[in-house]
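Asks: If you want the building blocks of each chain, they are given just below.
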Amino acid sequence: MSGIIPAVPREARQGVFFDGESAAAHEVRIVLDEGAGLLLLRGEGIDVTWKLAEVRLVPDQAGQGGLVLRSATAPMQRLFTAHRDLAESFPARHRPVKQVDRGRILRWALAAVASVALIVFVLVPTMADQLARFIPPEGEKALGDATLGQIRGALNENSSIGVRVCRDPEGVRAFDAMTERLAAGVDLPVDLTVTVLDHPMVNAFALPGGHIVFMRGLLKEAGTAEEVAAVFAHEMGHVASRDPTRHALRSAGSIGVLGLIFGDFAGGALVLFLAEQLIEAKYSQGAESDADVFAYSVLAKAGVAPSALGAMFERFRAKSGDAEGLAAHFLSHPALGDRIEAARVATPKGFAARPILSEAEWAALKGICAR
Amino acid sequence: MTEPSGSGPWDHRDTDAIPTQYRRADPTPLDGDFVGNRGRVFALALRTGIFTVLTLGIYRFWMKTRLRRFYWSSVRFGGVPAEYLGDPLEKLLGFLFAVVILAFYIGVVNLALMFLSYSLFQDNFVAYLLSFVGVVPLWFYARYRARRYVLARTRWRGIRFGLEPGAWGYAWRAILYWFITLISGGLLWPLMTFRLEKYRTDRTWYGDCKLEQEGRWTMLLPAMRHMLLALLVGGLSIGVGLYAIPAAFLLPLFCLPWFAFGLAYYRAKSFELLTNAKRAGDIVFLSKPRPMRVFGIYLWGNLLGGLVASFFLVPLGLAAVAMLGTLIGLENSTGMVLETFASGTLTLIGILSYFAFFLAWSAVTHAFVTLPLWAHFSETLTVIDPGSLGHIRQRARDDFEEAEGFAEALDVGAAI
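Protein chains in written order, with numbering that gives the first Met the number 0: chain A, 0 to 370; chain B, 0 to 415.
There's no promise every hint is true.
[As the list claims (entries may be wrong)] With a straight-line cut-off of 20 Å between C-alpha atoms, the simulated SDA-like cross-links for lysine to any residue are:
no.	chain 1	residue 1	chain 2	residue 2
1	A	Lys97	B	Arg67
2	A	Lys97	B	Pro87
3	B	Lys209	B	Phe96
4	A	Lys97	B	Leu84
5	A	Lys97	B	Lys63
6	A	Lys97	B	Pro385
[Unchecked claim] Just so you have them, the derived chain A footprint on chain B, three or more residues with Cβ under 8 Å:
no.	stretch
7	80-87
8	92-103
9	114-127
10	227-238
[What the hints assert, rightly or not] Selected chain B positions facing chain A (Cβ under 8 Å, derived; list incomplete):
no.	residue
11	Gly35
12	Arg65
13	Phe69
14	Asn109
15	Leu110
16	Gly157
17	Ile158
18	Gly206
19	Lys209
20	Gln212
21	Arg392
22	Arg394
23	Ala395
The set of hints was computed from the structure by calculation and includes no laboratory data.
For each residue, glycine too, the CB sits at the ideal point set by N, CA and C.
The shape of chain B in the complex, shown without the other chains (with noise of 0.2 Å):
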């Protein structure tokens, strides 16, 4: 993650400089590099976090937008980076949007639900269930409404990024591939992890040029072997270790972090394999990520981000324990004033070290899970150009003004 001193505009051996007519014929790779460090997005993260808490959390805008364009800035191949251009007031605008539907959503219609539920079954639960079920289109609707805003925001050579419009579609394949998947028992994850980014990668555009994703979903299929091992090396052991041998139930111990590790293979696996199954006109794409670095991100940034983050639960666990003497203590208790005094800084420091915790938290994990991987997958990445990136030409803006309201609203859970 250091400067790069040999490549891109910054010395200026680009090779798109060379005009057309004398370029060579041979493939040029843009090799993939990432720039950004673990201190300044540490920084940003912590600062922006407690403007955030500041201000009541209208500052988070600014903060994914702020973060986003320091992530979008590192990545960078051929030695040109990324840029987002995401307006912190046009996520505000889209998130009072969203929740303007949304609380008519919740509010008209799961009265009329509690009420029908209660009329109906004398139970709160039917409503619940249906107030649920009533989310999830919107849910994937939100996710894939927040990618094309994503996109329509990024721009790379100056040319942006683009999704067509498609949210329902995506809706109803995600919710009809989840199914498939949970009634398989995970078997069928391959073919929906396929279809899904089919789905998305063929509506994405770079300019005038549109990306595909070639390949059948069976190929996704040897990336689940770890997973699939582990279960059922656990399962096995846990059937001889009933019926024959009890030491065999120690196995099951070693395959909770295989599986672990399965899952972090299947990340990596299937982002190769459906990267390299790419093209956008005639680029392809080479990606090369390293599972057990994969892992060792997730294992050992998680596990740094929990203890940094827990340290600051300490305050909160003395808070509550002091807070409950107090209270035990007031029945007998002549020194009211005083007590009071006490319980409302100990509330203070319970709701400091609360706040310190989430910020924490946050900042650590873009520092040690978030930017690592960022780093590792655009490194291990290569765009492969026989010499057609030049003739790429701009798209129209997609304006798109409710942003990514919905999924801010609904908090989809979207990495960044």
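With the rest of the complex left out, here is chain A (with noise of 0.2 Å):
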């Protein structure tokens, strides 16, 4: 510098950069040239030059008695100061450096959900749709044996053996006569096995196997015996197409799937809600109203009116009140008022019906869960 004028004397101060090609360390010289919006850094071998505006803090530094100073367009360097009052001098010290393309993440997120959902509503169904077809009944049976043990402990968490089986001769001796003669003339590719389980939710449903269950609400309800033989009917059209064998496959394949993105802790909350989708089984409007059709033909070679279906659901309708369990998937389908004038259109012009269970009988099934 020379002239008559001595320079502004820039305010200097010490550091050590690391110029990311070597582990070597350079000491230099900062000089803030504010006028010119500059941070020069200068030491032997060393010519750097950043602009004030680039200069970020490296986030989150343990160390609070100096700075780890880098730039935003030079990724590798880095430059260490214990001279803090710096900081003042970057505007944008706090702001982040990008370093992932956004629109990439969203494309991926997309593509993710995009995929786990093509796994869990395509492919596993599908599978399970196909494998429903080739599995051996005893497999069958074993499937349904388990998933009924996991639903009786997810009705009951306190108990380790789960929700009581209701058990009362009498009333054994009863369902056992109403299944003989509604099976009978049925050709179901399974044996029958009915349970009663002492629950006071409103719902009967089939399993994998040929199981058929009935909660005791579901007794309590009916009007009469021809309605508790209209939704046996019913879930026997269930057991004929097989959807619960589906169903159980189905949710075989996705319980993981859920339990992987939701995490570890939710994960008792996630049995629980699966045990109550397989207890709704929502079923597809078809199969629903296939049951319905192999109902009608079971009531009426059995001489029940097919119109006791409709009788059921009628029941679950004025039930409203308190949608839970299968009144609350009845009332959730649009078609209900449809499905009850199909019951009653199902009945021929003066059918014949016979009474199901005698009135000694039906009381004995009604008092099922009394013991």
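Join the two chains into one complex using the hints; note that each chain is given alone, in its own frame.
Replies: Take a look at the structure:
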């Protein structure tokens, strides 16, 4: 610097610079040129200039005794200095440096969600449907036993054995009589196993391997033995078309995927949720109306008016005040009115109905959970 | 854990600033140091933990990144801190990628296994077993990949670390050595420790400098001594107690904490022995951790964590009791609305205290277990550089976009 007017001394400080090319440390003088908006780093073999607006603090540093600095445009270089007051000179020091393209993340996120949806809603159901056709009867029975165990456990968390199975001998005899009458002349792929669970839910469902499960609540709500028989026949329709087997295989496939996404601590709730899904058994509308049609023929053969199914549906609709269990399921169905109508139409004019159970048997059936 | 005041770039006394031709011939020890303090890591873990809960888990990628930045920047050798450069979004990306692959595995493969298991054995046990066995190699694979990602995003003195690809090779070796360890009743544990550490170390790079694990697995045998002695004395005293003096039954009570100390001793000793047998070119290491200190950190840190965290379980317990009372009272109650409201509040209290328990546990164990352990292992480690550090050149970036997605999805239990 020559001249008469002495140069304005620019503040100089010391620091250590790493160029990102070798591990050697370079001692540098740090010169702040606020007029030009530049930070000059000068040392032996080092002549680096950063724009003040591009200088960033490296975030989440544990050390509070100095600064670790970088430039947004020179990703490999680092400057260490003990002069914390320098930070004031970098207006954008806290602004994050973008490292990953946001659009890419979004595309990936969408692709991931789509793939998982494809697996859960297309691939697994398709496979389950195919496999359900090939599972041997013993295997299907074992699957049903395991599923029933899970449901009993899920409905009663406080007991290790799960919710109680009702076994009043009179009631069991009455149910056997009903089963015999309904199953006569029907060709089912598996033998039926009827179970009554001591639970207030108004519900009945079919499980793999010919399991048909009634809940105490449904027997309590039913007005006549014929209404119970109608629900029974409907569930037989599901057994005949193996809907529960497909359903159980599907949930075997989806259970882990959901666990993977939602993590472990929601695991307990997840099992409960899936058991509920099994009970709710949301089959397709087609599967439901197929089971209805199946029920009409079973009921007609057994001498029960198919309109009994409609009567049971009416009862669910009347009970819409507390929408839970099967009632909620049927109520949510938009075509419930149509199904009631269809059941009425399916009953031929002048149908000669015979009572499915005697008065005494019906009373015994209602009291199957008494002991 | 105070701020260093006599070394490093902060007051520019780093020896590597001296031009090579003037450098002393004798090796320069770069002493390890750790500057992070409990209070800050506690606050950071708590704050990011709360965000994670509020965002239904999405923030955990940011939480992990920020905690790592903090820990990495705490570790200093010769006064220069390390730097962690992982990006939360690339972690999210890797997680999504892993979820797709695993969703396929869990959905399709498990369904097929379930079908076969029921068809052939009328039971689901075989399916669960095979499904578990199928995940085991993936678990080790994920651990190696996670390490590769973390090293690729670690820099010190501006130079990247790196790990060569080799996750499947690691997975089958890990399974083999685990198997050997199990059938030898744990006696060959040092063999596993050494071989797996050698596999990882021999593939680790610092810039263009390759690390090497030297030594033999047998050098780790003495590190087992406290575990083996505790087992031996415990077993013998049970024998003596059964057949001769019943009072000898008291001894196994002391052997349990002794065995726990043995585990900490093995951890510290094997780290020391392995580290001292590592080299990076002609740079060597000197580690001198104190087993008693390591044991103390584990013991008191976890006790404190358990104590503080369980404090937050008290409301959960009270809510559960109150809820049970409500359920019992429900049968003959008329004030349904009131009861529904009460049970809603109780559920909320239960959920809040459940999350508070995990948040408190995570924050306290960061402050009283993870951080003191890092501090102790860093402060007792010295890097001895004969003057070649300055010649190490940069290595190319390992893009590795999958990040640690598999480790995240499989929850392989990495420390941080």
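Asks: For which of the previously enumerated hints does the structure constitute a violation, in increasing order of number?
Replies: Numbers 3, 6, 10, 19, 20, 22, 23, in rising order.
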